[in-house]
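Visitor: Listed below are the residues making up each chain.
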Amino acid sequence: MTPTTSTEPKVPAQRGGRAGAAGERERVSAFWSLSRAMLLGMKRDRTATFFILLFPLVFLVFFGTVTQGSGSPHAKVAQVGAVKLFDSMQGDARNGLNEVLTITRTDDEAATLEKVRKGDFDAMIEQGPDGKVELRYSAADTVRAGALQGILNSVVQSANQAATGQPPAYVLDSQQVEDKSLKPIQFLTPGLLGWAVATGAVFGAALTLVNWRKTKVLRRLRLAPISAGTVVSSRVVVSLLTALLQSAVFLVVATSFFGLKLTGDWWLVIPLVICATLAFMSIGLLAGSVAKTEEAANGISQVIVLPMSFLSGSFFPLDDAPGWLKAISEVMPLHYLVKSAQSVLTRGGGVMDALPTMGGLLLFAAVLTAVAWKLFKWEDD
Amino acid sequence: MTAAISADGIRQRYGDVQAVDGVSFTVEAGEFYGILGPNGAGKTTTMEILEGVRKPDEGRVELLGMNPWPRNPKLLPRIGVQFQASAFFRKLTARETIRTFASFYGVGPKRADAMLERVGLGDKAESLTEKMSGGQAQRLSIACALAHDPELVFLDEPTTGLDPQSRRNLWDLLRDINAEGRTVVLTTHYLDEAEVLCDRVSIMDHGKILHTGAPAALIRELDDTVRISIASGQLPLDRARELLTAAGADIANLEDDTVSLSVSTRLPAPVLSVLAEQNALRGLEVRGATLEDVFLQLTGREFRA
Chain A
1 MTPTTSTEPK VPAQRGGRAG AAGERERVSA FWSLSRAMLL GMKRDRTATF FILLFPLVFL
61 VFFGTVTQGS GSPHAKVAQV GAVKLFDSMQ GDARNGLNEV LTITRTDDEA ATLEKVRKGD
121 FDAMIEQGPD GKVELRYSAA DTVRAGALQG ILNSVVQSAN QAATGQPPAY VLDSQQVEDK
181 SLKPIQFLTP GLLGWAVATG AVFGAALTLV NWRKTKVLRR LRLAPISAGT VVSSRVVVSL
241 LTALLQSAVF LVVATSFFGL KLTGDWWLVI PLVICATLAF MSIGLLAGSV AKTEEAANGI
301 SQVIVLPMSF LSGSFFPLDD APGWLKAISE VMPLHYLVKS AQSVLTRGGG VMDALPTMGG
361 LLLFAAVLTA VAWKLFKWED D
Chain B
1 MTAAISADGI RQRYGDVQAV DGVSFTVEAG EFYGILGPNG AGKTTTMEIL EGVRKPDEGR
61 VELLGMNPWP RNPKLLPRIG VQFQASAFFR KLTARETIRT FASFYGVGPK RADAMLERVG
121 LGDKAESLTE KMSGGQAQRL SIACALAHDP ELVFLDEPTT GLDPQSRRNL WDLLRDINAE
181 GRTVVLTTHY LDEAEVLCDR VSIMDHGKIL HTGAPAALIR ELDDTVRISI ASGQLPLDRA
241 RELLTAAGAD IANLEDDTVS LSVSTRLPAP VLSVLAEQNA LRGLEVRGAT LEDVFLQLTG
301 REFRA
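Sequences listed follow chains A and B, in order. To convert, note that position 208 of the first sequence is 208 in the numbering used here; the numbers rise steadily by one, no gaps. To convert, note that position 180 of the second sequence is 180 in the numbering used here; the numbers rise steadily by one, no gaps.
Hint data in this document are derived by calculation from the structure and do not stem from the laboratory. Hints should not be assumed to be uniformly reliable.
Claimed, not checked - Some chain A residues flagged as far from chain B (calculated, every beta-carbon gap over 10 angstroms):
#	residue
1	A37
2	G41
3	S227
4	L325
5	W378
As the list claims (entries may be wrong) - Straight-line C-alpha distance at most 27 angstroms; calculated BS3-like pairs for lysine-lysine:
#	chain 1	residue 1	chain 2	residue 2
6	B	K74	A	K43
7	A	K84	A	K43
8	B	K55	A	K43
9	A	K374	B	K55
10	A	K377	B	K110
11	B	K110	A	K292
12	A	K292	B	K74
13	B	K55	A	K214
Ideal Cβ placement from N, Cα and C applies to all residues, glycine included.
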């Protein structure tokens with residue numbers, strides 16, 4: 001991928017005595033002007049800009065908005081009549097309870113029970129004359145029902161314990177570990193970022209290759225005294241810049257508007273994205289080598305990128321997926337990017353979480369590029 | 001001095017089609033050489049083999065004494081290729097396009113801009129190539145092929161699809177390019193274009209070169225009839241036949257289509273003197289054979305332009 005190969009131009013002395021720049025300077029200027037030509041073309045192509053930068057952002061905004069606020073065990077509870085257990089709670093204890101429960105007072109037991117059935121309330125609570133606290137809950141949301149039972153059970157236990165007048169023998173001090181129970185934005189951002197980078201790099205490489213072959217730009221490049229290395233490396237630089245721009249926009253939007261909290265070594269996402277871009281470009285290169293038309297290149301890329309994104313946990317976690325599905329997901333480069341990006345962006349992962357993924361992605365890129373090189377054609381037959 | 005191009009027995013087959021079937025020719029340095037033929041004659045494939053973007057199944061090619069296949073970076077700066085299709089980067093202006101291509105040859109922006117002026121696109125420099133007319137795009141394509149000052153220039157049907165005005169402008173440009181000492185190879189399916197521009201032409205059909213020579217020489221060799229016509233109504237057809245026979249004219253064909261009375265003959269002198277004696281010279285036209293007649297005789301069929 002470096003712009004040095006054996007086919008460097010050796011410009012002979014030519015008529016007119018012009019253009020006698022040194023070989024080194026020439027190569028550099030060809031490299032940059034080619035990169036610049038591609039960047040300008042991309043910048044001016046509104047459709048491309050939309051699909052590369054804005055479309056993934058639309059997904060982020062959409063998912064970020066619909067999932068905002070969910071994930072907490074907050075429950076709506078209707079309290080029928082007086083419940084001494086709640087009514088007697090004061091100060092911090094009461095505030096703590098209000099954080100997890102919204103308690104609404106009602107008088108009509110039958111009507112309230114009906115509302116629980118319909119899902120307007122998650123549960124109904126009342127206290128019998130013998131001190132028995134009765135909880136009637138809906139099992140529609142089992143997680144919430146379980147949490148509710150746990151909360152009430154602990155309230156009852158601590159009230160019982162307090163009634164004995166003795167200090168508690170055991171105290172539970174619990175602290176949350178940063179895990180998937182965090183806000184969804186924490187796993188959405190790395191996932192969607194991975195999908196965006198994959199889309200940009202695969203489609204970018206595949207469509208460029210086919211378009212250049214079809215319009216004979218590829219032939220022009222072949223007839224110019226520049227090396228294949230110059231052409232490939234400038235295309236790589238353009239894709240890398242695109243991917244890094246995508247990442248920057250993503251992280252800024254997610255942190256500013258959706259409360260994404262980055263952890264310690266989040267910068268490791270930069271080398272990760274670079275390695276992943278190379279891996280995805282090699283997929284695009286392969287698709288572009290096989291496809292004869294832009295439509296075909298588009299189709300092949302879509303058939304690869306979309307299933308890969310679903311199977312790599314870009315849109316939703318795969319923890320509950322069957323084993324065979326997980327096995328498929330484990331051959332996909334995006335799976336590793338998403339996993340490592342989650343690790344370094346939101347779970348405090350470090351260099352050792354990123355390095356093996358980076359190595360694997362580069363290996364993947366090398367193997368696929370070698371295959372694409374074999375299938376590569378300068379011209380349509 | 002080595003020839004600019006020498007091709008020896010090149011053949012290329014695509015599946016069942018023998019696109020190029022044993023083509024040999026030589027182009028001298030500084031020559032304006034044309035390959036003339038209908039669509040599908042094998043012109044483009046021959047050009048691609050010469051340029052070194054296709055490897056011929058058989059045969060040898062040398063450009064400026066070097067083999068163009070495999071890709072030869074020493075040769076590339078010395079040749080310029082203009083493309084049939086407008087092969088430009090997307091969404092770039094004319095100026096950005098030529099500067100980008102020029103940079104591949106180590107040619108700076110000044111010379112690139114000068115080339116743009118030279119082909120008359122100075123005022124179109126900021127237009128996107130997608131928005132340019134066919135003639136403008138062709139001129140840009142030629143400018144891109146010339147920016148690095150090549151010795152040998154390949155032009156593949158440069159005037160196809162252009163209006164008459166643009167064609168003539170382009171012809172002037174091509175003549176200038178050749179006058180500067182560059183060797184130019186042109187394919188065309190316009191006979192008038194070959195006749196006007198080329199020092200020598202090869203007429204090609206079914207993958208073979210049928211005949212090669214200077215356009216004027218080819219036409220002379222044809223030894224075709226001259227067609228003389230006057231406006232109808234000056235001389236009745238029967239009377240004309242009588243007078244011409246009496247004057248001993250060799251008449252290949254005589255007809256009156258009510259617009260003009262035409263005589264085809266190998267010996268125009270007696271015909272013209274009969275017409276002059278009869279004072280029947282209104283609308284006189286004498287038309288010699290053209291390259292088209294040569295072509296039709298060689299290929300034996302309608303010209304499929």
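Visitor: Hint by hint, note whether the structure agrees.
Guide: Hint by hint, here is what the structure shows:
A Cβ of chain B approaches the Cβ of A37(A) within 10 angstroms, the least distance being about 4 angstroms, so the stated non-interface status is violated. A beta-carbon of chain B comes within 10 angstroms of the beta-carbon of G41(A); the shortest separation is about 4 angstroms. Listed as a non-interface residue, S227(A) fails to keep its Cβ farther than 10 angstroms from every Cβ of chain B; the least gap is roughly 8 angstroms. Interface exclusion of L325(A) from chain B stands, the closest Cβ pair being 39 angstroms apart, more than 10 angstroms.
Look at W378(A): its CB is around 7 angstroms from the nearest CB on chain B, not clear of 10 angstroms, so calling it non-interface is violated. Between the alpha carbons of K74(B) and K43(A) the distance comes to roughly 35 angstroms, so the proposed pair goes past 27 angstroms and is violated. Only pairs whose Cα atoms come within 27 angstroms are accepted, and K84(A) paired with K43(A) is rejected, the gap being roughly 67 angstroms. The suggested pairing of K55(B) with K43(A) is violated, with an alpha-carbon distance near 38 angstroms, which exceeds 27 angstroms.
For the suggested pair K374(A) and K55(B), the alpha carbons sit about 18 angstroms apart, so the restraint of at most 27 angstroms is met. A distance of roughly 34 angstroms separates the Cα atoms of K377(A) and K110(B); the hinted pair therefore is violated under the 27 angstroms criterion. Simply put, K110(B) and K292(A) have alpha-carbon atoms about 38 angstroms apart, too far for the 27 angstroms limit, and the pair is violated. Of the supplied pair hints, the one linking K292(A) and K74(B) is violated, its CA atoms being roughly 31 angstroms apart against a limit of 27 angstroms.
For a cut-off of 27 angstroms, the pair hint linking K55(B) to K214(A) stands: about 19 angstroms separates their Cα positions.
When held up to the earlier numbered hints, the structure conflicts with 1, 2, 3, 5, 6, 7, 8, 10, 11, 12 and fits the remainder.
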